[in-house]
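**Student:** Below are the chains, spelled out letter by letter.
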Amino acid sequence: MNDGSNLSKLFASGQFAVSAELGPPKGTDIGVIEKKAAYLKGNVDAVNVTDNQTAVVRMSSIAVAALLVQMGLEPIIQMTCRDRNRLAIQADLLGAWALGIRNVLCLSGDHQSFGNHPTAKNVYDIDSVQLIQMVKGMGDSGQFQCGDPIEGESPAFFVGGAANPFGDPFDFRPLRLGKKAKAGAQFIQTQMIYNVPKFAEYMKRVCDLGLHERVYVMAGVGPIKSLGAARYMASKVPGMDVPDEIVQRMQDAPKEKRQEEGVQICAEIIQQCREIPGVAGVHIMAIEWEETIPDIIQRTGLFPRPTSPE
Amino acid sequence: MIIGEQKPVEEIKNMLGDAQRILVLGCGTCVAVCMAGGEKEAALLATALRMATKLDGQEKEIRDYTVQRQCEFEYNENAAELIEWADLIVSIACGIGVQTVNEQFPAKRTVPGLNTTFLGRPDTQGIWVERCQACGNCVLDLTGGVCPIARCAKSLLNGPCGGSQNGKCEVNAETDCAWQLIFDRLSALGMVDLLMENQPPKDWSTSRDGGLRKIVREDMQL
Numbered sequence: 004m005n006d007g008s009n010l011s012k013l014f015a016s017g018q019f020a021v022s023a024e025l026g027p028p029k030g031t032d033i034g035v036i037e038k039k040a041a042y043l044k045g046n047v048d049a050v051n052v053t054d055n056q057t058a059v060v061r062m063s064s065i066a067v068a069a070l071l072v073q074m075g076l077e078p079i080i081q082m083t084c085r086d087r088n089r090l091a092i093q094a095d096l097l098g099a100w101a102l103g104i105r106n107v108l109c110l111s112g113d114h115q116s117f118g119n120h121p122t123a124k125n126v127y128d129i130d131s132v133q134l135i136q137m138v139k140g141m142g143d144s145g146q147f148q149c150g151d152p153i154e155g156e157s158p159a160f161f162v163g164g165a166a167n168p169f170g171d172p173f174d175f176r177p178l179r180l181g182k183k184a185k186a187g188a189q190f191i192q193t194q195m196i197y198n199v200p201k202f203a204e205y206m207k208r209v210c211d212l213g214l215h216e217r218v219y220v221m222a223g224v225g226p227i228k229s230l231g232a233a234r235y236m237a238s239k240v241p242g243m244d245v246p247d248e249i250v251q252r253m254q255d256a257p258k259e260k261r262q263e264e265g266v267q268i269c270a271e272i273i274q275q276c277r278e279i280p281g282v283a284g285v286h287i288m289a290i291e292w293e294e295t296i297p298d299i300i301q302r303t304g305l306f307p308r309p310t311s312p313e
Numbered sequence: 002m003i004i005g006e007q008k009p010v011e012e013i014k015n016m017l018g019d020a021q022r023i024l025v026l027g028c029g030t031c032v033a034v035c036m037a038g039g040e041k042e043a044a045l046l047a048t049a050l051r052m053a054t055k056l057d058g059q060e061k062e063i064r065d066y067t068v069q070r071q072c073e074f075e076y077n078e079n080a081a082e083l084i085e086w087a088d089l090i091v092s093i094a095c096g097i098g099v100q101t102v103n104e105q106f107p108a109k110r111t112v113p114g115l116n117t118t119f120l121g122r123p124d125t126q127g128i129w130v131e132r133c134q135a136c137g138n139c140v141l142d143l144t145g146g147v148c149p150i151a152r153c154a155k156s157l158l159n160g161p162c163g164g165s166q167n168g169k170c171e172v173n174a175e176t177d178c179a180w181q182l183i184f185d186r187l188s189a190l191g192m193v194d195l196l197m198e199n200q201p202p203k204d205w206s207t208s209r210d211g212g213l214r215k216i217v218r219e220d221m222q223l
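Protein chains in written order, with my numbering: chain D, 4 to 313; chain R, 2 to 223.
What the hints contain is simulated information worked out from the structure, not anything from laboratory work. Treat each hint with caution, since some may be false.
[Unchecked claim] Which stretches of chain D does chain R cover? Using the computed rule of at least three CB atoms under 8 Å from a CB of chain R, they are: (1) 122-135; (2) 176-187.
[To be verified] Only some residues are given here: those of chain R computed to face chain D with a beta carbon under 10 Å: (3) Cys153; (4) Ser156; (5) Gly160; (6) Gly163; (7) Gly164; (8) Ser165; (9) Asp185; (10) Asn199.
Glycine residues also receive a C-beta, built at the ideal position from the N, C-alpha and C atoms.
Full structure from sequences and hints, please.
**Tutor:** Here you go:
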């Protein structure tokens with residue numbers, strides 16, 4: 004029972020769900036959040052709020068998510084194992100529940116060496132599988148990880164995990180998804196998909212293991228903003244697989260049409276992923292480009308959303 | 002063994018202060034094998050400090066000596082006279098040696114000439130690699146003999162993060178992904194099933210998180 008998670012209810016009703024990412028500001032300006040939220044409201048069912056993504060300090064995920072609740076959006080907070088130990092995570096989750104947040108995505112977190120405090124100490128007290136188990140346990144048994152009872156209402160979050168079909172070892176990736184399902188994950192959001200055939204092969208294995216019946220898999224996608232971004236993702240980002248033909252399409256597009264091409268590629272990938280058995284939704288990561296989300300949603304015929312205001 | 006790396010001469014020189022008589026104290030065990038703090042390195046460092054202080058116009062009297070094992074009091078007794086002579090000791094043993102000499106000869110100040118880098122082994126000539134973090138609760142039986150605590154940048158216990166690609170770690174493209182190694186090894190052993198068990202949160206109290214560690218063995222006590 005995930006009391007209050009509309010995302011959970013949407014999946015349960017068999018509808019194809021759409022979420023998108025919202026990156027908190029590198030500062031205190033609520034205006035930035037209001038502006039991004041306006042692009043997403045009514046166009047997606049839930050909004051991921053990143054947790055110091057790429058290990059760069061930003062406004063707290065929970066604080067931004069609480070603001071989104073006030074603005075009438077449904078947030079999914081991201082929670083990484085990089086910055087907090089099991090005490091801090093559980094304390095923050097109690098607070099998140101009290102603030103009306105109902106969805107949590109459990110992540111290992113990008114290593115701090117990628118971010119703006121590379122000399123920081125990392126935590127990794129627990130890993131993402133253990134985090135999923137801990138959060139699920141808090142809701143199911145009303146207990147902290149140590150076994151002590153949680154006072155009052157249990158925080159029965161709708162618990163998610165991440166999966167990277169393009170990470171290695173490929174043969175282990177579906178099994179790792181199984182570990183997350185076993186730990187209690189209810190939904191999964193994947194790394195950004197550009198190599199659709201490889202993702203289809205991954206999903207085939209996921210379905211062969213019966214995991215698509217245990218977790219709702221949301222295919223991760225993202226519009227490419229420029230040729231440079233395509234090249235960078237293709238060669239410099241560990242765990243990403245951007246095939247040459249995608250880079251070529253960006254290159255072949257006239258310079259002033261490249262953003263349009265990036266959006267179109269994203270829309271096409273969404274349509275292709277919708278056809279893949281076991282895919283229950285899509286998660287759009289338009290990094291610092293949230294204003295393109297309405298366009299993507301329109302192009303894919305995913306508008307209106309079941310959760311759109313009347 | 003314990004692997005160390007000598008600090009830059011400039012940094013060591015700046016630790017000398019007003020001391021006139023300096024003893025560079027090497028150690029003949031781990032740091033000698035990794036060619037950072039043994040007899041040869043002690044002599045070289047002494048020469049380098051002599052030259053550096055002379056160039057500064059403040060030449061100091063610098064001697065060197067190497068004990069067999071700086072982490073044990075009885076070996077350090079062999080250096081007692083020289084330690085008595087010196088105003089300051091530059092230890093190029095690991096941090097354990099530096100602390101042992103400070104404890105044993107509290108009237109003298111002993112400073113580190115070496116950074117203790119990790120627990121590991123020599124790889125190819127001139128390359129040393131980390132293998133253990135002394136977490137106090139070994140899991141190598143579950144991971145095909147490859148340590149995820151020391152060798153995974155995130156010390157993950159349930160498989161690789163999303164950044165593992167082509168067998169390499171997201172943090173450094175020259176570092177093997179520990180979980181790729183674990184998966185390959187367990188595959189070869191026909192034991193991948195071991196990985197399907199979800200490992201619970203680790204008890205870090207046996208690691209440094211539990212505070213200073215100490216082993217007491219009554220059967221060995223006199």
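**Student:** Less than 10 Å between beta-carbons is the criterion; does Gly164(R) satisfy it with respect to chain D?
**Tutor:** Since chain D brings a Cβ to about 4 Å from Gly164(R), closer than 10 Å, the hint holds.
**Student:** With chain D as the partner, please determine if Cys153(R) meets the hint condition of a C-beta pair closer than 10 Å.
**Tutor:** Since chain D brings a Cβ to about 9 Å from Cys153(R), closer than 10 Å, the hint holds.
**Student:** Asp185(R) was flagged as interface toward chain D. Is the shortest Cβ-Cβ separation under 10 Å?
**Tutor:** Where the cut-off is 10 Å and the nearest Cβ of chain D is about 7 Å from Asp185(R), the hint holds.
**Student:** With 10 Å as the cut and Cβ atoms as the points, is Ser156(R) at the interface with chain D?
**Tutor:** With a minimum Cβ separation of about 5 Å from chain D (threshold 10 Å), the hint on Ser156(R) holds.
**Student:** Interface hint check: Ser165(R), Cβ to nearest Cβ on chain D, cutoff 10 Å. Holds or violated?
**Tutor:** holds (5 Å)
**Student:** Verify this for me: three or more residues of the stretch 176-187 of chain D with a beta carbon less than 8 Å from a beta carbon of chain R.
**Tutor:** holds (count 6)
**Student:** Against chain D, with CB atoms and a cut of 10 Å, does the hint on Gly163(R) hold up?
**Tutor:** holds (3 Å)
**Student:** Mind checking the CB of Asn199(R) against every CB in chain D and telling me if the closest is under 10 Å?
**Tutor:** holds (6 Å)
**Student:** Three or more residues of the stretch 122-135 of chain D near chain R by CB distance under 8 Å?
**Tutor:** Held - the stretch 122-135 of chain D has 8 residues with a Cβ nearer than 8 Å to chain R, which meets the minimum of three.
**Student:** At a threshold of 10 Å, is the proposed contact between Gly160(R) and chain D supported by beta-carbon distances?
**Tutor:** With a minimum Cβ separation of about 5 Å from chain D (threshold 10 Å), the hint on Gly160(R) holds.
The structure agrees with every numbered hint stated previously.
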